[in-house]
Amino acid sequence: MIGYIIRRLLTAVIVVIGVAAITFAMLHYVAPSPVYIVLGTKATHRAIEVWNRQHGYDRPEIIQFLSYLNNLIHLNFGYAYKFSQPVSALFRENAGRSAYLSGTALVLSLIIALPLGIVQAVKRNSPGDYAATAVNFTLYSMPSFFLGLILIQLLALDLGWFPPGVSDTVTSTLSAITHPRQLFLPIITLALLNVAAFSRYMRSAALDELAQDYIRLARAKGLSERGVLMRHLLRNASLSTITLVGLSVPSLLAGNLLIEILFNYPGLGLLFYNGLTNLDYNVMIAYTLLGAILTVLGNLLADITIAAADPRVRLG
Amino acid sequence: MPTPALKVHDLTTEIQLSRATVHAVGNVDLEIGEGETLGLVGESGSGKSILGLSILGLLPGGGHVTGGSIKLYDRELVGMKPRELREIRGNEIAMIFQDSLSSLNPTKSIGEQVAEPVRLHRGASRKEALDRALEVLELVGLPRPRERLSDYPHQLSGGLRQRVMIAIALACEPKVLLADEPTTALDVTIQAQILKVLDDLEQRLGMATLLVTHDMGVVAGRSRRINVMYAGRIVETAPSEELFTAMRHPYTQSLLGSIPRLESDASKPLLSIPGLPPDLTNPPAGCRFAARCRFATDQCRAQEPPLTGSGEHFFACWNPVDGPAVITVSKPAAGAAPAAAVAASVISEPAPAPAAAPAATNGSAPLLELVNVVREYPVTAGALLKRKVNSVKAVSNVSLYVNPGESFGLVGESGCGKTSLGKLIVGIEKPDAGQVKVRGEELFKKRGGELRTARRVVQMMFQDPYGSLDPRMRVRSILREPMQVQGIGSAKEQDQRVRELLGEVGLPVNALERYPHEFSGGQRQRIALARALVLEPKIMVADEPVSALDVSIRSQVLNLMKRLQSEHGMASIVISHDLAVVKYLSDRIGVMYLGRLVELGTGDDIYRRAAHPYTEALIKTIPVPDPAVEKAKADVGIRGELPSPIDPPSGCRFRTRCPLAQEICSQQEPPMRRFGPSHQAACHFPLQTPEPETAATNGAGASAAPSLS
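If you read the protein sequences in the order shown, they are chains H and A. According to my numbering, the residues represented by the first sequence are 172 to 487, in order. According to my numbering, the residues represented by the second sequence are 1469 to 2177, in order.
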């Protein structure tokens, strides 16, 4: 088990280096140096050369990449010129808020989606099932910002129950947690989108399991329907959803991007957006790398969870 | 007559599908007394399982009892409130299902699963329930039950899992036990053990048992009465002895006649039932068996026969037969064969000519020769780097030969390596050591086009008629593909050949444009047979060719295989767990145990003069459809489970389960010794006297003596 995790983590390192190389190459193809962001477009040729030499942007690309990798090993993600701060400091500050938003949304969506999927499977092809399916598909096919806009219009502007965006008073992770009303809309928007995906998956997994012989045996033992569902179906049907949740970890990050912009919530997504509009090199690479790391970790976590939940699975 | 514990009267069950209604069970009566076993025999789709599920009130979606009554002592179960019914389920009526792997919850320990009904019905605490689980697991003969309480189902073998399933059913000491094909998925040696457990427990606990099965042999010795079901109806019911010796319904007669038996003469074709069972969404007006019955008259097709008879023997037939069929080679009654899309050559199969005299001339090379063939699958482990730590010894030092035109059978329990050996013969896998020679040449010495051409000589017919045909290909493409791969003939010639083949295997020409799912299992196996014959191979390897088929369909395919083999003068290798099937199809038989070939000989050598204790035990454990024989059987044959092929026992691999084993068996691997012209076995303490040692006998392939008696 330990050996397996080490092997997977080693693979993860290779993946991250590969992603770094590709992102690095693409950025350098678009703009070989962030000098214009720092000095402005009207900078003189001479000033640009000096700045590039000072910051090492005159060296061959491969050397630049290797020195970037060297920095990475020391957890130095470089300097965000536009924000005038090291990238790692920026990420440390914003990561907590993003994690809070994604984490709450994920937990909330699982709490809704798992029972919903099972109920839909048990009452398959009933009017309720059809209605839930219709709502799910509508949500699933809707872009996240569009759902956000609708919710803002409905719950904030028309009904006035919640503020339409996160106010500037929310600056730290702690203040995000202590202002649930402020975060209600972004969390609900993210959660609803996940509910749609998870419950579809859960429904089909539960349908497969319901057709299994051990469910029939459980009924033959005299268990009530509720007992059959809780004691036998739930765990087995959830197994396949674990993989899906693991795979969705990085997409939570991406989902955050639009939601954070829409609600003006200061997280990693908003940071990346600002970096993108300013061509802030190191912020963009770091955000991409974070995506890669989350993808690998999400998968690994899912595999470990499955091994813990399913005695038939042995990692190795 | 003991007090009836369960009484079913005039039960009718229907299953409502979206567009049609399946009339699954109609007007069924049965009665089981305390401590009595009632046999219920029928093929798949006969409604026997639905009947069992009706009693428990566990019908699948859309299913409901539409009439009749089910009484547990005095309580009526039909129409009972779900709550009350739940209290009876698993408590007073329990059920054992067929497939123990899918019937046990994969993520719960077996201890918890056995304890569950006890907690539910007895209100026992977790601890008390686990104690009870331990007790019951011991009762059903699970070795070292205490250590296994926390094991999960996948960690147990099929036989042990079935014991767990029986333990679940018995946990609350039910009054009625419904056993639905309780041993169908098991090997014969394990089947005998499980049936013994069931027998003992029935008597000890005084349960009323309904034994549902398709296997006449299984019910023969253990039920007082047998009901035969066909297409949702009970067609005949009689005390066991009477049913086997003096049956009146033609279906019962055909069913019994279509089972290949060890003692029967393999040169006679099996009685087979043409056609398929009727579609129960739209059952025929008259007798449901009429379309497949040799004796059917207009009355049969128009009017459904009532269950009549006297004493304890009842049957539903207008033209009853009198006792078992005497198989004569004659033309079938005119008009009896239906216009179904299935070959109707029934009892008129020509007796196959004694396998086209194998080229027996001394010195001529055998068609196929295996010399000390070994195949091992690596088992890997290791945290960072995978390394081979051990291997599954699937095939160990097997030597044999097959002559042109000869049919060779390979028997053994699951896990004995017979399928691996089949793959080596066809060349799907490469041996790790030893040689597989076809016409004196090693297949894997060849390369490229030469290898491809060489593959024509050996073709395979697979076990699973559902999985081995590409569902997206039409039959025409399936049958043409081998010729296309081999570049044989023009498109027109290929088409011509495909049509010929379809005729040979008894399928209509319109089958060409259809997809595999449009055919029944038996028809698909005909397609698989045709595919194996396309390239006119010299050897056909058939891996469990009929084990996925129903009894009545099985004999159709067996007869066909036998006929085509002799017509084409092909050699064949039939691999099966069923000794009777192998004996019916083969001139010579090899018995495998745990990767080793333990005995070789003609069908009679094996059946009448078995030299190896394993062979003898295997023969003894096969359920025979004859109550007298079955009841006389005292012991269960082989005890225990197959040892792990990763770490097989030293010396003779059978010694751990052998009643005759002594010290030498663990120290020395017994050599193959000769017991007759073509009879060999590897045992230190054989049951027959070996022939005096002559020149060093090299494995099995030394002599090319003709193998037919």
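Simulated from the structure, these hints should not be mistaken for laboratory data. Model, not experiment: these values are computed from the prediction. We treat Cβ as the ideally placed atom computed from N, Cα and C, and that holds for glycine. Don't take every hint at face value.
Stated by the list, open to error - Computed Cβ-Cβ distance ranges for the label pairs, DEER-style:
1) Val278/H / Glu1552/A: 57 to 63 Å
2) Gly1530/A / Thr349/H: 53 to 59 Å
3) Met172/H / Pro2111/A: 25 to 31 Å
4) Leu1775/A / Ile282/H: 54 to 60 Å
5) Val1857/A / Ser343/H: 49 to 55 Å
To see whether the hints hold, each was checked on the structure:
no., hint, result
1, Val278/H / Glu1552/A: 57 to 63 Å, "violated (41 Å)"
2, Gly1530/A / Thr349/H: 53 to 59 Å, "holds (54 Å)"
3, Met172/H / Pro2111/A: 25 to 31 Å, "holds (28 Å)"
4, Leu1775/A / Ile282/H: 54 to 60 Å, "holds (58 Å)"
5, Val1857/A / Ser343/H: 49 to 55 Å, "holds (54 Å)"
Of the numbered hints listed earlier, the single one contradicted by the structure is hint 1.
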